[in-house]
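As they're listed, the protein sequences go chains V and F.
Numbered according to my numbering, the first sequence terminates at residue 1464, and the numbering increases by one at each position without gaps.
Numbered according to my numbering, the second sequence terminates at residue 1464, and the numbering increases by one at each position without gaps.
It should be emphasised that the hints constitute simulated quantities derived from the structure, not laboratory data.
Everything numeric in this text was worked out from a predicted model, so none of it was measured.
Check each hint, because a few of them may be wrong.
Pairs involving identical chains hold if they fit within one copy or between any two copies, as the list cannot separate such chains.
What the hints assert, rightly or not - With a straight-line cut-off of 20 Å between C-alpha atoms, the simulated EDC-like cross-links for lysine to aspartate or glutamate are: (1) K1125 - E1061; (2) K1267 - E1241; (3) K1267 - D1235; (4) K1231 - E1014; (5) K1126 - E1014.
Protein chains: 2
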Amino acid sequence: ADKVKKSLGLVKRTTWKVAKEDPRRVIHALKVGLALSLISLLYLLEPLFKGIGKNAMWAVMTVVVVMEFTVGSTLCKGLNRGLGTILAGSLACLIEYIADVSAKTYRAVFIGAAVFLVGYAATYVRFIPYIKKHYDYGVLIFLLTFNLITVSSYRVESVWSIARDRMLTIAIGCGLCLVMSLFVFPNWSGEYLHKSIISKLEGLANAIEVCVKEYFCESEIQSSEDDSCEDPIYLGYKAVLDSKAIEETLALQASWEPRCSRYFRRIPWKQYTKVGLALRHFSYTVVALHGCLQSEIQTPWSIRSQYKEPCMKLTEQVCKILRELANSIRNKRKFCPHILSNDLNVALEELNNALKSQPQYSRGSRFGRTAKIQQEEEFRASFSSVNNCDSCEHQNSEEESKERQKKVLRPQLSKTLSMITSFQFSESLPVAAFTSLLLEMVAKLDHVINEVEQLGRMSHFREFRVEDEIV
Amino acid sequence: ADKVKKSLGLVKRTTWKVAKEDPRRVIHALKVGLALSLISLLYLLEPLFKGIGKNAMWAVMTVVVVMEFTVGSTLCKGLNRGLGTILAGSLACLIEYIADVSAKTYRAVFIGAAVFLVGYAATYVRFIPYIKKHYDYGVLIFLLTFNLITVSSYRVESVWSIARDRMLTIAIGCGLCLVMSLFVFPNWSGEYLHKSIISKLEGLANAIEVCVKEYFCESEIQSSEDDSCEDPIYLGYKAVLDSKAIEETLALQASWEPRCSRYFRRIPWKQYTKVGLALRHFSYTVVALHGCLQSEIQTPWSIRSQYKEPCMKLTEQVCKILRELANSIRNKRKFCPHILSNDLNVALEELNNALKSQPQYSRGSRFGRTAKIQQEEEFRASFSSVNNCDSCEHQNSEEESKERQKKVLRPQLSKTLSMITSFQFSESLPVAAFTSLLLEMVAKLDHVINEVEQLGRMSHFREFRVEDEIV
Chain V
994 ADKVKKSLGL
1004 VKRTTWKVAK
1014 EDPRRVIHAL
1024 KVGLALSLIS
1034 LLYLLEPLFK
1044 GIGKNAMWAV
1054 MTVVVVMEFT
1064 VGSTLCKGLN
1074 RGLGTILAGS
1084 LACLIEYIAD
1094 VSAKTYRAVF
1104 IGAAVFLVGY
1114 AATYVRFIPY
1124 IKKHYDYGVL
1134 IFLLTFNLIT
1144 VSSYRVESVW
1154 SIARDRMLTI
1164 AIGCGLCLVM
1174 SLFVFPNWSG
1184 EYLHKSIISK
1194 LEGLANAIEV
1204 CVKEYFCESE
1214 IQSSEDDSCE
1224 DPIYLGYKAV
1234 LDSKAIEETL
1244 ALQASWEPRC
1254 SRYFRRIPWK
1264 QYTKVGLALR
1274 HFSYTVVALH
1284 GCLQSEIQTP
1294 WSIRSQYKEP
1304 CMKLTEQVCK
1314 ILRELANSIR
1324 NKRKFCPHIL
1334 SNDLNVALEE
1344 LNNALKSQPQ
1354 YSRGSRFGRT
1364 AKIQQEEEFR
1374 ASFSSVNNCD
1384 SCEHQNSEEE
1394 SKERQKKVLR
1404 PQLSKTLSMI
1414 TSFQFSESLP
1424 VAAFTSLLLE
1434 MVAKLDHVIN
1444 EVEQLGRMSH
1454 FREFRVEDEI
1464 V
Chain F
994 ADKVKKSLGL
1004 VKRTTWKVAK
1014 EDPRRVIHAL
1024 KVGLALSLIS
1034 LLYLLEPLFK
1044 GIGKNAMWAV
1054 MTVVVVMEFT
1064 VGSTLCKGLN
1074 RGLGTILAGS
1084 LACLIEYIAD
1094 VSAKTYRAVF
1104 IGAAVFLVGY
1114 AATYVRFIPY
1124 IKKHYDYGVL
1134 IFLLTFNLIT
1144 VSSYRVESVW
1154 SIARDRMLTI
1164 AIGCGLCLVM
1174 SLFVFPNWSG
1184 EYLHKSIISK
1194 LEGLANAIEV
1204 CVKEYFCESE
1214 IQSSEDDSCE
1224 DPIYLGYKAV
1234 LDSKAIEETL
1244 ALQASWEPRC
1254 SRYFRRIPWK
1264 QYTKVGLALR
1274 HFSYTVVALH
1284 GCLQSEIQTP
1294 WSIRSQYKEP
1304 CMKLTEQVCK
1314 ILRELANSIR
1324 NKRKFCPHIL
1334 SNDLNVALEE
1344 LNNALKSQPQ
1354 YSRGSRFGRT
1364 AKIQQEEEFR
1374 ASFSSVNNCD
1384 SCEHQNSEEE
1394 SKERQKKVLR
1404 PQLSKTLSMI
1414 TSFQFSESLP
1424 VAAFTSLLLE
1434 MVAKLDHVIN
1444 EVEQLGRMSH
1454 FREFRVEDEI
1464 V
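Looking at chain V on its own, in the form it has when it is part of the complex (with noise of 0.2 Å):
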C-alpha cells in the first residue's frame, strides 16, 4: 500500500509539473476532447448520420491525427492530408478506369501491379530531402488512401462514391481541426519561435556574465566546479547548443501560418534560424570560456586582477549588446546603432590601456615607443569616426552597412589583438587565452549583430527611437 502511494504520488507531481511548465497544454487537451466530441456527433446524430453514413469514422481519424499542438503543424498536416487524399482518389479513380476494361482476374492482377508501384515510388520519393521535409506526412496520406480505395474498388461497384465520401468526410475533418486551432485559443509555432530566440540572447548575456564574474572573484570559484549540471552558466548556453532541429521544425511549420508583420510582410521565419545558427556559433566560444574556467591551471589571482576592470567591462558591454537584441526583437524595433560600437569601443580602449599598463611592458616588442602611441592615435581616429557615422546609419543598403559593422568592430578587435601581441606576459597565459577569447566572442558577436540587422530590415521593424534607450 506504500508503494501503491508511492508511485501514485509520482504521477501527481509528474502530471502537475507537465501542467505548470505551460499551461496552454491544459487548454490543448480540452480542444482535441472537444473537437472529438463534436466529430462524433456525426455519428450520434440521427440526421447527420443519415447524409453521411459510415464514412464518418474518416472524419474522427483525421481530427485524432491532424489535431496538433500549435496552429502551423496542424495547417501543414491537414493541407497535407487534403492534398494527399485528393490526389490518392484522382490517382485512384484513373486505375479504375484503366482497369474497369479487362476480366476479373487480369483485374486483380493489375490492381496488384498498381498497388506494387505506386507503393515502391511514394516510399522512394519520401526520401528525397526537399519532399522529406515538406510533404512527408502528405505522401503518406496518398499511399494510404490510394491503397484502400484501389482495393476495396475490386469488390464495390462505384469507386467515384467511395472516393467522393472519403474526401468529403476528410476535408469536414480538417475544417473542423483547422477551426479549433486557428480560433479557439490558438498555439503559434512562430510566437514559440520569436520567445524562444529571445530567451536564448539573454540565457547566453547571463552566462558570460556570471563566467566572467566567477572567473575574477576568488570566492565563488570553488563552489561551481563541483556540479556543472546546476551551474547558471551552463544552463545558459545549454538550451543554445542543441536547438537546430527544434529551431528548423519551429520555422518550418511557422512558415505555414497564416501571419503577417507590419504592412501585411511574411514574417521571415528563416532569418529567424539563421540568427539561431549564428548564436550557435557565438556560443561554442562561450563553451570554451566555460572550460577556461573550470581548467585546472590558473594564473595567481594578483595578476588576475590587473585585467579584472577592462575584462568585466567588456564583458558588461557585450552583455549589454545581447540583451539589447534581445529587447529589439522582443520589441520588433531596430537595435540602438548608437550604443552598441560607442561603448563597445570604450571598453576595449579600456582593455588596451590595462593591458598597456602592465609592469613587463615594452621589452622584447617589436614596435617601439612611437609605434604604440601612434597607434593609439589611430585607434582614436577611427573611434571618433564611429561615433560621427552613425546618424546617416539607416540609409545605408544591405551591403554598405555590413561592411561598416565590419569597418567599426574588426579594426578595433585587430588593434586590440595586435596590443597584446606585443608584450610580454609571465605566468599569465592563461588569464592572455581568457582574454583572447573574450575578443574573439566580439568578433562573433559580429556576426549575430549582421543576422539581427538582417532580420530587422526583413521583417521591417519600426525604426529605433530615442526613448527606446535602455535607463
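Go by the hints and put chain F onto chain V.
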C-alpha cells in the same frame, strides 16, 4: 519544352542521388511495395476475403503506417500500435458494457462524454516527457481506436466482434511488417548508430589534423579562409555538433531491436549516446581551434615555427588516439592502453621542452631554476610510473581505472600548463592561446576515452591483443 527538359533532368539527378547516397533505400522501397501487394491479397483472393471481409482495410492501413526504414522503428511502431489497439479495445468494451444499461439518448450523451474525457486525458498524457519519448505513437493509436470503436458501437449490435476483427487484422498487418523488416534485408538502427560514432571519431581526427597543419604551414592558410562551408575542417566537426537529436532517436530505436553482443548481453545503446555527448563537448574545442585559424591577427611565422614541431606531434598523438578509439569500437575490442598514455606523454614532454628552449627563458618567472629542475624530475617520475602500471590495467575496477586515467592525463597537463605560465611570451599570445586550446582539447579527450572505455566494458568488448596494434 526546354524548360520541361531541364526540370526533368533535375528530377532525374535528384532521384539518382537519393539512391546513390544509400542503396538500401531502393531495397526498402521495394520491400514496402511488396508488403502492400501481399496485404492486398487479403482483399483480392476470394477465400481470404470471405474470412476477413472489409476489415482487411485495417491491415492495409497498418502496413502503410508501420513499415519504417529500420527494424527498430518498425518494431517500436508495430508494438506501440498493437498495445494501443488492445488497450483501446478493452476500454471500449468496458464503456460499452456500462453504457448498455441506459436508454438510447442517455447512451449518446454518455458516449460523447467518454470521448471527450478520454480525448482530453490521452492528449494530456502525451505531453509527459517519458510517454512522449517512448509511447507517443501508442497513445495516438489508442485514442484513434477507442474513438472509432466507441462511436461506431452506438449503431452496431456487437462491439465485441468489431474489436476482435480489428485487432486480428491489425495483428496480421503488424506481423507482415515485422517479418518484412526483420528477415528481408534488415536495416538496423543500432548498426547505423555504431557506424556514425566511428565516422565521427575519424572525422574529428581529420579536422584537427588539417587545422593544426594549416596553422603551422604558411602556404595553405589563404585558400581556406574564403569559404568555410567547403572546408575539410568544418566538414569534420559539423556532423558532430548538431547530432544530439539524431543520436537519441537512433539509440531509442536500437533499444527495441532484438540484437545482442557477445555472451548474449544487451548492447548498451545509451552508452553510445554518452560517447556522442563527450564527442560533442570535445568538438566545441575544435571549433575554438578553428576560430584561432580564422582570426585576423596571427603570430608571425618565425615565432609560430618554434612551436610547430611539438604541436604537430601532440596533434598527431591526439589524432592517433581518436583513430585508435574508432578502431576499437569498429572491431569491438578494448583499446590499447599502452599506446595511449605512453606516446601522449612523450608529446607533452616535447612541447614542454620546446617552451623551455624559448629565448625569453626564465625572466620574471616565479619558479627559480632549481624549482624547474625538480619539477621536471617529478614529471619524469610520473611518466615512468605510468609506463609501469600499464600491465595491471585489465584487473582494475571501473572506479579505479577512472581514477588512474585521470592521474595519467591531468598531472601531465597541469605540469605543462604551469610550465607555460612560468615563461614569458612576446608577440606569441595567439600561438599561446592556440597551444592552450590544444591542451584543453587533450583534457577533454580524457573524458571521451573514459566514455569509450565504459562502452567497452558494458558491451563486453574482447581484450586488446598484441596483433591489434597499429603498424
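Evaluated hints:
Taking the shortest Cα distances, K1125 and E1061 sit within 20 Å of each other both inside one copy (19 Å) and across copies (14 Å). With identical chains, the CA atoms of K1267 and E1241 are at most 20 Å apart within one copy only, with a shortest distance of 10 Å there and 24 Å across copies. Both within a single protomer and between protomers do K1267 and D1235 lie at most 20 Å apart by alpha-carbon distance, with minima of 14 Å and 15 Å respectively. For a Cα distance limit of 20 Å, the shortest separation of K1231 from E1014 inside one copy, 18 Å, qualifies, whereas the shortest one across copies, 33 Å, does not.
With identical chains, the CA atoms of K1126 and E1014 are at most 20 Å apart between copies only, with a shortest distance of 17 Å across copies and 29 Å within one.
In summary, the structure agrees with every hint in the numbered list given earlier.
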